[in-house]
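Can you make the complete structure from the sequences, with help from the hints?
Protein sequence lines correspond, in order, to chains A and B.
Going by numbering that gives the first Met the number 0, the letters in the first sequence line up with residues 0 to 547, in that order.
Going by numbering that gives the first Met the number 0, the letters in the second sequence line up with residues 0 to 115, in that order.
There could be a bad hint or two in this list.
Simulated DEER-style distance windows between Cβ atoms [unchecked claim]:
id	chain 1	residue 1	chain 2	residue 2	range
1	B	Thr107	A	Thr302	52 to 60 Å
2	B	Glu34	A	Asp343	26 to 34 Å
3	A	Asn347	B	Thr107	22 to 30 Å
4	B	Glu34	A	Lys13	55 to 63 Å
5	A	Ser520	B	Leu72	50 to 58 Å
6	A	Ser412	B	Thr107	33 to 41 Å
7	B	Glu108	A	Asn347	23 to 31 Å
8	B	Gly93	A	Asn405	34 to 42 Å
9	A	Asp298	B	Lys90	41 to 49 Å
10	A	Asp298	B	Glu34	54 to 62 Å
11	A	Thr353	B	Leu88	38 to 46 Å
12	B	Gly93	A	Arg432	22 to 30 Å
13	A	Leu366	B	Glu108	40 to 48 Å
Which chain B residues stay away from chain A? Per the calculated CB distances, all over 10 Å, these [as the list claims (entries may be wrong)]:
id	residue
14	Asn25
15	Thr31
16	Lys33
17	Glu34
18	Asp37
19	Lys42
20	Pro54
21	Met56
22	Lys69
23	Leu72
24	Glu108
25	Phe109
26	His111
27	Lys112
Since the hints were made in silico from the structure, they are not lab data.
Every value quoted in this text rests on a predicted model; they were computed, and no experiment measured them.
We put the CB at the ideal spot given by N, CA and C, even for glycine.
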Amino acid sequence: MLEYKTPFLRKKIKAAKSVAWTFGAIGALAFIFVVLAYFGVQLGVQDSIYTNFESFFTVNKYLTYINPIYVRLIQILFHWFSFASLISIFIGGIILYLINPRPSLIVFGISFLCIALFNLFHFLTVEHVLFTKYPFAWSLFTWWETRMAIPVTLFFGVLIAICDSNIRTYTNKGVVLVTILFFAIFMYVFVYFSLGIETQPEFYFNENLDDLLLLALPLALNVVVVLPLLLAYYKREKSYFSLMILLSLIPQILAEAYTILDPNIDYYELLNFSYLLQLLGFIIPSVGLLLDGRMVYFDLQYTRSLAEENIQSKNHFISTFSYQLRTPLTSIIGQAECLLEGYDGDLNERQKDTVVQITKSTSKLSLIINEIIDIAKIESGESVYNPVETNLCEHVKACFNAKEVNIKAKNLSFSMQLPQKPVMILADPERVRQIILQFIDNALKFTNKGEIKLSVLEDESFGKVEVKDTGIGIASSNLAKIFTPYVQIQNKDTLKVAGIGLGLPIAFKFAKAMGGSIDVSSVEGKGSSFIANFKKIIPDKPPTPKAL
Amino acid sequence: MNLLIVEDDEEIIVLQEKVCKHEGHNVHIVKTAKEALDLVGEKDFDLAIVDLMLPDMNGLELVAKIREIKPTLRIIFSTAFATAESEALIKKMGCDLLIKPFTVGQLTEFLHKRVS
Chain A
0 MLEYKTPFLR
10 KKIKAAKSVA
20 WTFGAIGALA
30 FIFVVLAYFG
40 VQLGVQDSIY
50 TNFESFFTVN
60 KYLTYINPIY
70 VRLIQILFHW
80 FSFASLISIF
90 IGGIILYLIN
100 PRPSLIVFGI
110 SFLCIALFNL
120 FHFLTVEHVL
130 FTKYPFAWSL
140 FTWWETRMAI
150 PVTLFFGVLI
160 AICDSNIRTY
170 TNKGVVLVTI
180 LFFAIFMYVF
190 VYFSLGIETQ
200 PEFYFNENLD
210 DLLLLALPLA
220 LNVVVVLPLL
230 LAYYKREKSY
240 FSLMILLSLI
250 PQILAEAYTI
260 LDPNIDYYEL
270 LNFSYLLQLL
280 GFIIPSVGLL
290 LDGRMVYFDL
300 QYTRSLAEEN
310 IQSKNHFIST
320 FSYQLRTPLT
330 SIIGQAECLL
340 EGYDGDLNER
350 QKDTVVQITK
360 STSKLSLIIN
370 EIIDIAKIES
380 GESVYNPVET
390 NLCEHVKACF
400 NAKEVNIKAK
410 NLSFSMQLPQ
420 KPVMILADPE
430 RVRQIILQFI
440 DNALKFTNKG
450 EIKLSVLEDE
460 SFGKVEVKDT
470 GIGIASSNLA
480 KIFTPYVQIQ
490 NKDTLKVAGI
500 GLGLPIAFKF
510 AKAMGGSIDV
520 SSVEGKGSSF
530 IANFKKIIPD
540 KPPTPKAL
Chain B
0 MNLLIVEDDE
10 EIIVLQEKVC
20 KHEGHNVHIV
30 KTAKEALDLV
40 GEKDFDLAIV
50 DLMLPDMNGL
60 ELVAKIREIK
70 PTLRIIFSTA
80 FATAESEALI
90 KKMGCDLLIK
100 PFTVGQLTEF
110 LHKRVS
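Written as structure tokens, this is what we have:
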């Protein structure tokens with residue numbers, strides 16, 4: 000039934016919404032950070048000796064002119080902020096992938112995790128946590144971490160995504176597996192290689208990074224290889240995320256170009272212009288996730304409203320249909336009764352038998368119709384009960400009397416245990432009886448020998464009625480199923496028993512609607528115990544009935 | 000006892016008429032609310048059985064109008080469709096409710112309750 004799918008959808012919608020909000024927040028924070036860093040540093044060096052635009056950002060040269068604590072703060076914030084934004088792209092990508100599987104989310108998500116780890120390595124090196132034996136600057140290692148990691152990682156990522164032949168099915172588990180495996184090996188090789196650096200000084204460059212090949216390689220990779228591949232990929236999967244991954248390359252390319260155009264700039268000094276551009280490159284995919292999350296959110300909301308509309312129209316159809324059945328059924332039941340009562344003259348025994356068969360069938364039919372109407376009412380959220388103060392023991396007595404004949408006819412012992420004092424509950428008397436009768440009917444259906452026992456119990460806040468039988472019982476794996484509409488546990492014993500499987504779900508929902516609950520315990524082959532809990536009247540604090 | 004049946008379904012009319020006549024009551028039958036209001040003005044009734052859904056008016060509205068003419072007339076509502084709200088309202092009005100499919104026993108029980 001659709002009703003049971005919407006809570007699941009609701010969870011997805013919530014997740015998509017929080018992805019959108021999170022990336023909105025990250026984007027906004029990052030933007031504020033970039034602006035603050037830019038103007039803060041600019042203000043700090045205002046009175047200093049800078050003469051051209053470039054030197055705004057090469058802070059470390061002018062450290063003596065600005066507050067070193069401020070610079071340090073920005074440095075630390077910069078480290079962790081770019082790391083956090085990269086990691087969040089990974090997490091957001093995975094969450095969105097789980098809601099709406101598209102290969103770009105998982106492939107680029109993992110690519111960004113990889114970039115984040117490279118970043119972390121770099122920061123830990125800069126902060127002298129790792130590789131303390133040699134100065135970090137100018138090493139091949141640092142060059143790789145800061146400049147090569149992004150194009151190389153994105154290159155492999157987009158390659159995996161493009162090679163995925165089933166890209167349009169969006170559910171390829173292979174692509175997920177290949178991506179994870181590939182990047183795991185990639186990172187392992189990198190770490191293995193980096194650890195070697197501590198003992199192998201030949202990996203270091205000379206002091207002046209004047210090798211044009213090394214300078215131009217990242218830029219060339221970005222422009223010649225990654226950009227066309229990402230463009231080709233965007234044509235295959237037109238999502239905000241893949242578009243933003245493509246756009247995020249632009250600041251990266253600008254950063255590289257900026258470095259090449261002015262080779263005197265200290266690329267590895269913190270907070271130079273290239274770095275801010277790089278951070279911008281990290282933020283852009285977040286915007287993609289924000290927009291994608293938003294789109295998925297609206298899509299799912301639409302799906303949910305459609306599903307709910309379906310349920311509403313289904314419920315409406317069922318109730319209208321059932322009510323329409325009731326009127327002709329009244330005439331059939333009534334006229335058959337008139338015949339039996341002799342309103343239209345006396346019947347002979349055989350005629351009477353025939354009419355009795357008609358009335359039996361019509362009352363079964365009437366019961367089924369009532370059950371369908373009840374469940375349709377509950378599912379459409381209509382109020383189904385009028386709570387009043389009432390004595391639970393009275394209802395149990397009435398139900399006992401009503402069912403005594405049927406149970407004795409099956410040669411079962413039937414007993415009742417009531418407390419001395421009345422147990423006052425706040426509930427709809429008709430619904431209370433309906434629940435108890437349902438329990439007794441159920442026990443009667445599934446018990447062939449032994450006994451059925453009714454008892455009234457109470458604790459501080461609930462009046463309880465227990466119906467215990469020595470019937471076929473329910474397997475523990477099936478216990479949860481018995482309250483699901485239209486489900487009947489199938490085995491050779493239950494096949495003999497008629498019913499459409501609505502009785503217990505209705506009882507369960509009524510009990511819940513009246514602020515109570517139903518507990519079941521059962522041992523297969525030995526018997527079952529059903530307990531309905533009804534809210535008690537507490538004199539000082541009258542309980543308010545919960546709406547369904 | 001003079002009974003007024005306000006009901007639009009042929010078969011239900013036949014059934015209710017049969018049971019009420021069998022119980023020895025005078026039965027007047029109308030199919031619309033308008034006819035019912037006209038008849039209530041003319042004749043003196045002890046009890047009315049009113050369908051909740053009539054072609055020209057809601058049964059609850061009809062009873063409210065009947066009560067303006069005859070405040071003491073006793074009413075039994077009959078319906079196949081009753082929400083918890085309408086049930087509560089009917090109880091508040093001091094009327095009985097006969098939910099279709101009702102049995103002959105239920106109908107006669109209500110009739111006897113009114114007679115006594």
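Status of the stated non-contact between Lys69(B) and chain A (beta carbon gap over 10 Å): holds, 27 Å
Kindly confirm whether 55 to 63 Å is satisfied by the beta carbon distance between Glu34(B) and Lys13(A). At 57 Å between Cβs, range holds.
Is it true that the C-beta distance of Leu366(A) to Glu108(B) lies inside 40 to 48 Å, as the hint says? For Glu108(B) against Leu366(A), whose Cβ atoms are near 20 Å apart, the range 40 to 48 Å is violated.
Run the C-beta distances from Asp37(B) to all of chain A and say if the shortest one exceeds 10 Å. holds, 25 Å
Cβ separation of Gly93(B) and Asn405(A), checked against the hinted range 34 to 42 Å: holds, 35 Å
Can we confirm that no CB of chain A comes within 10 Å of the CB of Lys33(B)? Per Cβ check, Lys33(B) is outside 10 Å of chain A; nearest 22 Å; holds.
Take a look at whether the Cβ-Cβ distance between Ser412(A) and Thr107(B) falls inside 33 to 41 Å. Given range 33 to 41 Å: holds, Cβ gap about 36 Å.
Is the Cβ of Leu72(B) farther than 10 Å from every Cβ of chain A? holds, 24 Å
Return holds or violated for the Cβ distance of Thr353(A) and Leu88(B) against the range 38 to 46 Å. holds, 41 Å
With d taken as the least Cβ-Cβ distance between Met56(B) and chain A, does d exceed 10 Å? holds, 18 Å
Over 10 Å from every CB of chain A: does Glu34(B) meet that, or does the non-interface label fail? Answer for Glu34(B): holds, closest chain A Cβ roughly 20 Å.
Are all beta-carbon distances from Pro54(B) to chain A longer than 10 Å? holds, 14 Å
Hint check: a violation occurs at hint 13 only; the rest are consistent with the structure.
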